[in-house]
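J.: These are the residues of each chain, in order.
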Amino acid sequence: EAQVTQNPRYLITVTGKKLTVTCSQNMNHEYMSWYRQDPGLGLRQIYYSMNVEVTDKGDVPEGYKVSRKEKRNFPLILESPSPNQTSLYFCASNFGTSENTGELFFGEGSRLTVL
Amino acid sequence: SQQGEEDPQALSIQEGENATMNCSYKTSINNLQWYRQNSGRGLVHLILIRSNEREKHSGRLRVTLDTSKKSSSLLITASRAADTASYFCATDAREYGNKLVFGAGTILRVKS
Numbered sequence: 006e007a008q009v010t011q012n013p014r015y016l017i018t019v020t021g022k023k024l025t026v027t028c029s030q031n032m033n034h035e036y037m038s039w040y041r042q043d044p045g046l047g048l049r050q051i052y053y054s055m056n057v058e059v060t061d062k063g064d065v066p067e068g069y070k071v072s073r074k075e076k077r078n079f080p081l082i083l084e085s086p087s088p089n090q091t092s093l094y095f096c097a098s099n100f101g102t103s104e105n106t107g108e109l110f111f112g113e114g115s116r117l118t119v120l
Numbered sequence: 012s013q014q015g016e017e018d019p020q021a022l023s024i025q026e027g028e029n030a031t032m033n034c035s036y037k038t039s040i041n042n043l044q045w046y047r048q049n050s051g052r053g054l055v056h057l058i059l060i061r062s063n064e065r066e067k068h069s070g071r072l073r074v075t076l077d078t079s080k081k082s083s084s085l086l087i088t089a090s091r092a093a094d095t096a097s098y099f100c101a102t103d104a105r106e107y108g109n110k111l112v113f114g115a116g117t118i119l120r121v122k123s
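These protein sequence lines are chains A and B, in that order. First residue of the first sequence: 6, per my numbering; consecutive thereafter. First residue of the second sequence: 12, per my numbering; consecutive thereafter.
Fair warning: there could be bad hints in the mix.
Heads up, simulated SDA-like pairs for lysine to any residue below, C-alpha to C-alpha not over 25 Å straight-line [claimed, not checked]:
| id | chain 1 | residue 1 | chain 2 | residue 2 |
| --- | --- | --- | --- | --- |
| 1 | A | LYS74 | A | LEU46 |
| 2 | B | LYS110 | A | THR18 |
| 3 | B | LYS110 | A | VAL57 |
| 4 | B | LYS37 | A | LYS22 |
| 5 | B | LYS67 | A | LYS74 |
| 6 | B | LYS110 | A | PHE100 |
| 7 | A | LYS76 | B | HIS56 |
| 8 | A | LYS22 | A | ASN78 |
| 9 | B | LYS81 | A | GLY45 |
| 10 | B | LYS37 | A | GLU108 |
| 11 | B | LYS37 | A | THR20 |
| 12 | B | LYS110 | A | LYS22 |
| 13 | B | LYS110 | A | GLY63 |
| 14 | B | LYS37 | A | GLY107 |
| 15 | A | LYS76 | B | LYS67 |
| 16 | B | LYS110 | A | GLY21 |
| 17 | B | LYS110 | A | ARG73 |
| 18 | A | LYS74 | B | LYS80 |
| 19 | B | LYS80 | A | GLY107 |
| 20 | B | LYS110 | A | THR27 |
| 21 | B | LYS67 | A | GLU108 |
| 22 | B | LYS37 | A | ALA7 |
| 23 | A | LYS62 | B | GLU106 |
| 24 | B | LYS37 | A | LYS74 |
| 25 | B | LYS110 | A | VAL65 |
| 26 | B | LYS81 | A | ASP64 |
| 27 | B | LYS81 | A | LEU46 |
| 28 | B | LYS67 | A | GLY101 |
| 29 | B | LYS110 | A | ILE82 |
| 30 | B | LYS80 | A | THR10 |
| 31 | B | LYS80 | A | GLY101 |
| 32 | B | LYS110 | A | LYS23 |
| 33 | B | LYS37 | A | GLY63 |
| 34 | B | LYS110 | A | LEU16 |
| 35 | B | LYS37 | A | GLY68 |
| 36 | B | LYS110 | A | GLU67 |
Derived by calculation from the structure, the hints in this document are not laboratory data.
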């Protein structure tokens with residue numbers, strides 16, 4: 006089954022404790038992206054990657070890091086989480102090298118709470 | 012303010028009725044997409060309409076695009092309780108680096 010898999014789905018952590026949210030897709034997609042969703046603000050892009058070893062900042066990259074060492078994986082790293090990073094996070098992928106080549110496939114989301 | 016803004020913010024209808032949601036945007040677009048999100052779940056792509064298209068259908072969904080008014084509408088006919096979800100439009104525009112920009116969404120509740 007074609008899918009984007011994120012882990013963990015739920016996480017409660019404390020300020021400053023490094024964490025990684027993993028994302029993996031099995032569709033051989035070139036493009037992968039991370040979003041955060043907050044009430045009233047819609048989805049905002051954090052980082053995106055158009056291919057292996059190619060990553061770029063989205064609209065709200067502060068406090069986040071990513072890597073793209075393999076085509077299928079695109080982990081999101083919070084080196085020192087803060088309470089304002091409490092949010093619902095989504096990973097998405099697309100077969101093209103940017104978003105405008107068709108539909109985005111989304112993961113089920115990772116709800117992060119930073120105390 | 013956002014490139015894509017949905018209207019209304021929330022909509023409550025009875026099962027069997029039609030639901031119409033609107034999306035307005037500010038700049039010229041390459042295409043516009045609609046997504047559905049069930050509570051706490053990932054977004055699911057519904058339909059993509061290109062700037063040179065005026066209407067598209069997919070099952071009970073009908074999407075229209077009026078580039079002169081910079082607006083789109085999503086019509087769900089004969090709604091079902093399972094259609095209860097949030098609906099987002101997303102625009103792809105050169106002015107925004109050809110990235111998808113999502114609106115804040117319309118919350119649809121279909122009562123059975």
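J.: When the structure is checked against the list of hints, which entries are broken? Sort them ascending.
T.: 1, 2, 4, 5, 11, 12, 15, 16, 18, 22, 24, 30, 31, 32, 34 and 35
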